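Peer 1: Residues per chain are reported as follows:
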Amino acid sequence: MGQVLVVTSGKGGVGKTTSTAALGAALAQGGQSVVLVDFDVGLRNLDLVMGAERRVVFDLINVIQDRAKLSQALIRDKRLDNLCLLPASQTRDKDALTEDGVARVIEELQSNFDWVICDSPAGIGRGAVLAMQHADIAAIVTNPEISSVRDSDRIIGLLDAKTEKAKIGEHVAKHLLITRYDETRANSGDMLQIDDVLDILSIPLLGIVPESQEVLRASNLGSPVTICSPKSVPALAYSDAARRLNGEVLEMIIPAEKNRLLGKLFGRRAA
Amino acid sequence: MKMFALRKRRKTSDVARERIQILLAHERGVIGSSDLIATLRNEILVAVAKYVPVEIDQVDVKMDRGATLSTLQIDIEFPVISR
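Protein sequences appear in the order of chains P and V.
The numbering used here applies: residue 1 is where the first sequence begins, and numbers increase by one.
The numbering used here applies: residue 1 is where the second sequence begins, and numbers increase by one.
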């Protein structure tokens, strides 16, 4: 059975979809089979970030309502044949998602893929709860900024209360993925420090993705950053995070831009 | 004037850390009853109204949440009662 990872945050615009695409592609580049599921019904974007927007025929809602088979709705990535996308519906709203339907789809995906990655909608509503429902692992995407930290704290509470794992007295493995980190601003004292965020949220760190132009370039091109510029700073950060998801213990390196090729070493234990 | 110039500028990240720590310390405790202030206001109003005529818009409830101490300030305006 494949593992279910939810990429969530509470707050919008912190990088959930970018991170879903990049982590999924990195895991697939490592040889595992991966499916990305967009749960943002009505506001789907994962298809765009993956460059598959013109290939969407059926979607998650069609599968849940038995109007299409799962195999018909899955879009295989053109660059990596072990990477698939299950798009959200753009015309329906999240009420069309049912608990039973989601459970059935996730179970079927788990028996066909090593990783099922659920891209959660923003907020703490029904869509977000359904996206995290079957998670074994959660990547909580957080910007080093107070409103994002506050919302992540709420999401951690939901993961401990509303998931299937929580209902049977177990825990979803929660990991913090810090995105849009700006080392210059952190050093000058104008951005929350990584240690502060870790201290406040007290969950292990999955990775630190520095703010980078490459992320916008990747989205412009419709290609996960680990595919379109694999040597870039964010791609290295996502690739390391993907290896940590598979249990590897790696030193937490914040890759630095151009002039400092070696990156800066941080004496911090990874998740 | 000089005093202001000499005062050390605090890092904004330190301010942010303190604010979020205090906020979460409270939110983790009261989530679920997040309209605590509204509830307090209504119940206090009912209690006060038993004895003096008050209107809901004459009650002002303020909360100041601190790291170790919080204060709840309730101002109620009511007319002089003449017998």
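If you're looking for bench data, these hints aren't it; they were derived computationally from the structure.
Bear in mind that the values here come from a model prediction, so they are computed numbers and not experimental data.
From the three backbone atoms N, C-alpha and C, an ideal C-beta is built for every residue, glycine too.
Misleading hints may appear alongside valid ones.
[To be verified] In silico lysine-lysine, DSSO-like type, Cα no more than 30 angstroms apart, as pairs: (1) P:LYS167 x P:LYS231; (2) P:LYS69 x P:LYS231; (3) V:LYS50 x P:LYS11; (4) P:LYS11 x V:LYS62.
[Claimed, not checked] Label pairs and their calculated CB-CB ranges: (5) V:ALA25 x P:GLY12: 53 to 63 angstroms; (6) V:THR71 x P:ARG67: 54 to 64 angstroms; (7) V:MET63 x P:SER147: 12 to 22 angstroms; (8) P:ASN246 x V:THR68: 20 to 30 angstroms.
Peer 1: Now tell me if each hint is right for this structure.
Peer 2: A quick look at each hint next to the structure:
1. For the hint linking LYS167 of chain P to LYS231 of chain P, the alpha-carbon distance of about 42 angstroms lies beyond 30 angstroms, and the restraint is violated.
2. Restraint check: the Cα-Cα separation between LYS69 of chain P and LYS231 of chain P comes to about 38 angstroms, which exceeds 30 angstroms; the hinted pair is violated.
3. Among the hinted pairs, LYS50 of chain V with LYS11 of chain P is inconsistent with the structure: their alpha-carbon atoms are about 44 angstroms apart, more than 30 angstroms.
4. A distance of roughly 27 angstroms separates the Cα atoms of LYS11 of chain P and LYS62 of chain V; the hinted pair therefore holds under the 30 angstroms criterion.
5. A hinted range of 53 to 63 angstroms is violated for the C-beta pair ALA25 of chain V and GLY12 of chain P, which are about 25 angstroms apart.
6. At roughly 58 angstroms, the beta carbons of THR71 of chain V and ARG67 of chain P sit within the given window of 54 to 64 angstroms.
7. MET63 of chain V and SER147 of chain P have their C-beta atoms about 20 angstroms apart, which keeps the hinted 12 to 22 angstroms range intact.
8. Taken as a hint, the range 20 to 30 angstroms is violated for the pair ASN246 of chain P and THR68 of chain V, whose Cβ atoms sit roughly 43 angstroms apart.
Of the numbered hints stated above, those contradicted by the structure are hints 1, 2, 3, 5, 8, listed in ascending order.
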